[in-house]
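Peer 1: Sequence:
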Amino acid sequence: MKLFKIVLALASLLSTVTAQASNRYEVQFDNIWDTVKQDYSSFYTKNRLLRFGSVFSVGAVMAHTSIDTEFQSWYQDDIHSADTDDVAKVAKLFGEKTILMPVAALASALEFVEPDSNVAHWGQLSLRAYLLGGPIIGVTQPLTGGARPRDSVGDARWRSFEDDNGVSGHSFVAAVPFLALAKMSNLQPWQKNLAYGASMLGAWSRVNDDAHYLSQAILGWYVAWESLNAIGQNDVADWYQVTPYVFGDGAGVSLQFKW
Numbered sequence: 001m002k003l004f005k006i007v008l009a010l011a012s013l014l015s016t017v018t019a020q021a022s023n024r025y026e027v028q029f030d031n032i033w034d035t036v037k038q039d040y041s042s043f044y045t046k047n048r049l050l051r052f053g054s055v056f057s058v059g060a061v062m063a064h065t066s067i068d069t070e071f072q073s074w075y076q077d078d079i080h081s082a083d084t085d086d087v088a089k090v091a092k093l094f095g096e097k098t099i100l101m102p103v104a105a106l107a108s109a110l111e112f113v114e115p116d117s118n119v120a121h122w123g124q125l126s127l128r129a130y131l132l133g134g135p136i137i138g139v140t141q142p143l144t145g146g147a148r149p150r151d152s153v154g155d156a157r158w159r160s161f162e163d164d165n166g167v168s169g170h171s172f173v174a175a176v177p178f179l180a181l182a183k184m185s186n187l188q189p190w191q192k193n194l195a196y197g198a199s200m201l202g203a204w205s206r207v208n209d210d211a212h213y214l215s216q217a218i219l220g221w222y223v224a225w226e227s228l229n230a231i232g233q234n235d236v237a238d239w240y241q242v243t244p245y246v247f248g249d250g251a252g253v254s255l256q257f258k259w
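Just so it is clear: in the sequence shown, position 66 is 66 by the numbering used here, and no numbers are missing.
These are calculated hints, taken from the structure and not from any lab test. Please note that the accuracy of each hint is not assured.
[What the hints assert, rightly or not] Calculated pairs, SDA-like style, for lysine to any residue (alpha carbon to alpha carbon, straight line, at most 25 Å):
(1) Lys192 <-> Asp210
(2) Lys192 <-> Thr69
(3) Lys46 <-> Arg148
(4) Lys46 <-> Asp34
[Unchecked claim] The following label-pair restraints were derived from C-beta to C-beta distances:
(5) Ala82 <-> Gly53: 18 to 24 Å
(6) Tyr196 <-> Leu93: 25 to 31 Å
(7) Arg150 <-> Leu49: 28 to 34 Å
(8) Asp210 <-> Leu143: 32 to 38 Å
This one's a predicted model, so the numbers in the text were calculated from it and none came from an experiment. Where is the CB? At the ideal position from N, CA and C, for every residue including glycine.
Work the whole structure out from these sequences, hints included.
Peer 2: So this is what it looks like as structure tokens:
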């Protein structure tokens with residue numbers, strides 16, 4: 001629920017910044033809430049909700065069978081070490097909502113100074129993903145009601161409203177900035193693949209730290225992925241580009257599609 005409150009605070013901050021912007025910049029932000037509404041419209045579609053149901057069903061199977069507990073035991077016994085702890089300490093920082101969400105908001109505000117800034121675009125993608133996926137995390141955490149591996153419960157079963165760890169908030173927060181980075185059109189394919197891989201480090205750190213079961217970490221990452229996927233559908237510049245060009249004694253337009 002803390003994540004949900006922070007998302008609401010970010011939305012309020014964004015509204016305040018927009019209201020106080022000078023006339024020079026108001027034109028750039030007067031449609032911010034239209035953009036957010038478009039993101040929600042793209043997110044809450046029949047196909048996406050069916051996909052959500054399917055993925056969460058898989059998570060439920062993992063939680064209500066021995067998959068989660070056996071994987072956790074195997075990882076802690078055979079993989080976990082002082083070296084993995086050192087890496088996890090760094091990876092976990094990217095899942096701290098009190099750090100990454102303000103960073104995304106500040107990066108987004110660079111639009112005021114440099115409208116074409118790649119950093120500002122990354123910040124806007126990240127902030128929109130937090131505004132879109134944050135409430136979902138806030139609802140599904142208590143709804144699933146899963147416990148942590150280190151809790152006395154001893155399993156990952158969903159017990160609605162008895163706990164709030166069935167979906168990892170750290171996994172969600174840590175995945176967003178890297179998935180947003182992978183959406184940037186100026187990156188090479190190998191760089192995007194690297195960003196996708198990095199988006200999973202926060203989820204992995206929670207398993208390593210015995211803070212979340214595998215299904216809980218996966219579901220948190222998945223909410224981030226769906227959020228950026230919905231946002232990408234509204235950013236047409238990410239999938240086509242129009243470029244004017246001159247040839248001989250004439251002129252034309254080049255239309256490029258990317259998928």
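Peer 1: If you test the structure against every hint from before, which numbers come out violated?
Peer 2: 1, 2, 3, 5, 6 and 8
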